[in-house]
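Q: Single-letter residue listing:
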Amino acid sequence: MSLRGWSRLHTWSSLVCTLFLLLLCITGLPLIFHHEIGHLTGSEVEAPAMPPGTPPADLDRVVAAARAQRPGEVVQYLIWEDDPAILRLSMAPGPTAPPDALRTVLVDARTATVLEEPRDREGFLYWMLRLHTDLFAGIPGKLFLGAMGLLFVVATVSGAVLYGPFARHGRFGTVRSGRSARLRWLDLHNILGVVTLSWVLVVGATGVVNTLAEQVLAAWRADQLAEMVAPWRGQPPVTAPGSVEAAVAAARAVAPGREPFFVAWPQTMFSSGHHYAVFLRGDTPLTHRLLTPALVDAETARLTEMRSLPWYVTALLVSQPLHFGDYGGMTLKIAWAVLDIATIVILLSGLWLWWRRRRGAA
Amino acid sequence: MIGPVWRIPAALALLSAAGLLVALVEDGAWDGLGAAALLLPLLAAWLAGRRR
Chain G
1 MSLRGWSRLH TWSSLVCTLF LLLLCITGLP LIFHHEIGHL TGSEVEAPAM
51 PPGTPPADLD RVVAAARAQR PGEVVQYLIW EDDPAILRLS MAPGPTAPPD
101 ALRTVLVDAR TATVLEEPRD REGFLYWMLR LHTDLFAGIP GKLFLGAMGL
151 LFVVATVSGA VLYGPFARHG RFGTVRSGRS ARLRWLDLHN ILGVVTLSWV
201 LVVGATGVVN TLAEQVLAAW RADQLAEMVA PWRGQPPVTA PGSVEAAVAA
251 ARAVAPGREP FFVAWPQTMF SSGHHYAVFL RGDTPLTHRL LTPALVDAET
301 ARLTEMRSLP WYVTALLVSQ PLHFGDYGGM TLKIAWAVLD IATIVILLSG
351 LWLWWRRRRG AA
Chain R
363 MIGPVWRIPA ALALLSAAGL LVALVEDGAW DGLGAAALLL PLLAAWLAGR
413 RR
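As you go down the protein sequences, you meet chains G and R in turn.
For the first sequence, this note's numbering puts the final residue at 362, and the numbers step up evenly by one.
For the second sequence, this note's numbering puts the final residue at 414, and the numbers step up evenly by one.
Treat the hints as calculated values from the structure; they're not laboratory data.
Heads up, the beta-carbon is just placed ideally off N, CA and C, and yes, glycines get one too.
Hints may be right or wrong, so weigh each one.
[Claimed, not checked] In silico negatives: residues of chain G with every beta carbon more than 12 Å from chain R:
1) Thr41
2) Ala167
3) Val209
4) Phe261
[Claimed, not checked] Across the chosen pairs, the derived CB separations fall in these ranges:
5) R:Gly394 x G:Trp12: 38 to 44 Å
6) G:Thr113 x R:Trp392: 46 to 52 Å
7) R:Gly394 x G:Asp83: 54 to 60 Å
8) G:Pro55 x R:Trp392: 20 to 26 Å
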């Protein structure tokens, strides 16, 4: 393709996605610090301090506490929070109720007492999250933002192609500040763009992958999960599942070095009508993000099958930390925030440069 | 082959990518190293912005 062609591709792929990318960068900024903002605003729940080594409560007691808190509802998911003292239970009017119907109950993992029913569907961070993930439009909104992310990747690659010929005119990093504002901003746009290239590509591409989460999980359900539960096909679902403590113990017994991340109840979207699906994760930093589902018969607490997730689900799981930058400490979060702000400057300067050139041509 | 025009930005991009991977190891020292590698390209941009 000629340079003029690359230039057109860069201009138009950028222009189409710039406003949405600005929205994603601006809403992404507070989300990087959502834990810290939660602490400051008091919305982050903390478990009371207890002596180290306090043993965890029986999971069946935890479930009973949550059900007593929301009578008439059932548990769909039990999730181990980052804080090992807290368990998150997602409850709904029925086992097949859609995700929108889920309500959260947080329970102390050591005493099986209810800590709080967090209002996680309101407030500033909830608004930022919804704008960032789906524009309050559900799956169509997610896919739309994924398409904008794809255009952003095209804009980044075409911008990098244009950078080569541009850079031949001067030393690397030269900003021509003495001539016109347009040249100064063009140089800054190019320098910022090229030095943040790999970060922008990684965060852009992993963001696109994240928008496909529903489709990836649907493919896993139709492919591997369907194979794993084939012998139970056509049988009526278990309506009164047995001990979840026994189910988790059965899964852990065959997977030393792995710890539970979440349990999906029978009939939910991550399991079959007959099984608890216990999703285990590794206990080292690198394997912590990689999950292995173990299916446990919900009536007998006998492990029926355990297998690794396919490559496309693994790709999704690895994409998530690379997009959120939540795998390190505060230093990494600050790096993420600075790179995010740099991207906002690149987007705004690109828009301004296009407008100035258009005005100059008119 | 990477031409001379691309050597510095390519080195910065490699550092940045290495920073991402190193930081994913999620350990105190590695995390710090990863964050430093990620911030190097921005430091370069800042120096470029100051150059007249």
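Q: The structure should be examined with respect to each hint, and the outcome stated for every one.
A: Comparing the hints with the structure gives:
1. The beta carbon of Thr41 of chain G sits about 26 Å from the closest Cβ of chain R, which is more than 12 Å, so the claim that it is off the interface holds.
2. Non-interface status of Ala167 of chain G relative to chain R is broken: a Cβ of that chain comes within 12 Å, the nearest being about 4 Å off.
3. Distance check for Val209 of chain G against chain R: the nearest CB is about 15 Å away, which clears 12 Å, and the non-interface claim stands.
4. Even its closest Cβ contact with chain R, about 16 Å, leaves Phe261 of chain G beyond 12 Å, as expected for a residue assigned away from the interface.
5. A hinted range of 38 to 44 Å holds for the C-beta pair Gly394 of chain R and Trp12 of chain G, which are about 41 Å apart.
6. Roughly 37 Å separates the CB atoms of Thr113 of chain G and Trp392 of chain R, a value that falls outside the hinted 46 to 52 Å.
7. The supplied range of 54 to 60 Å is broken by Gly394 of chain R and Asp83 of chain G, whose beta-carbon atoms lie about 23 Å from each other.
8. Separated by about 32 Å at the C-beta atoms, Pro55 of chain G and Trp392 of chain R break the suggested range of 20 to 26 Å.
The structure fails hints 2, 6, 7 and 8 (numbered hints given earlier, in ascending order).
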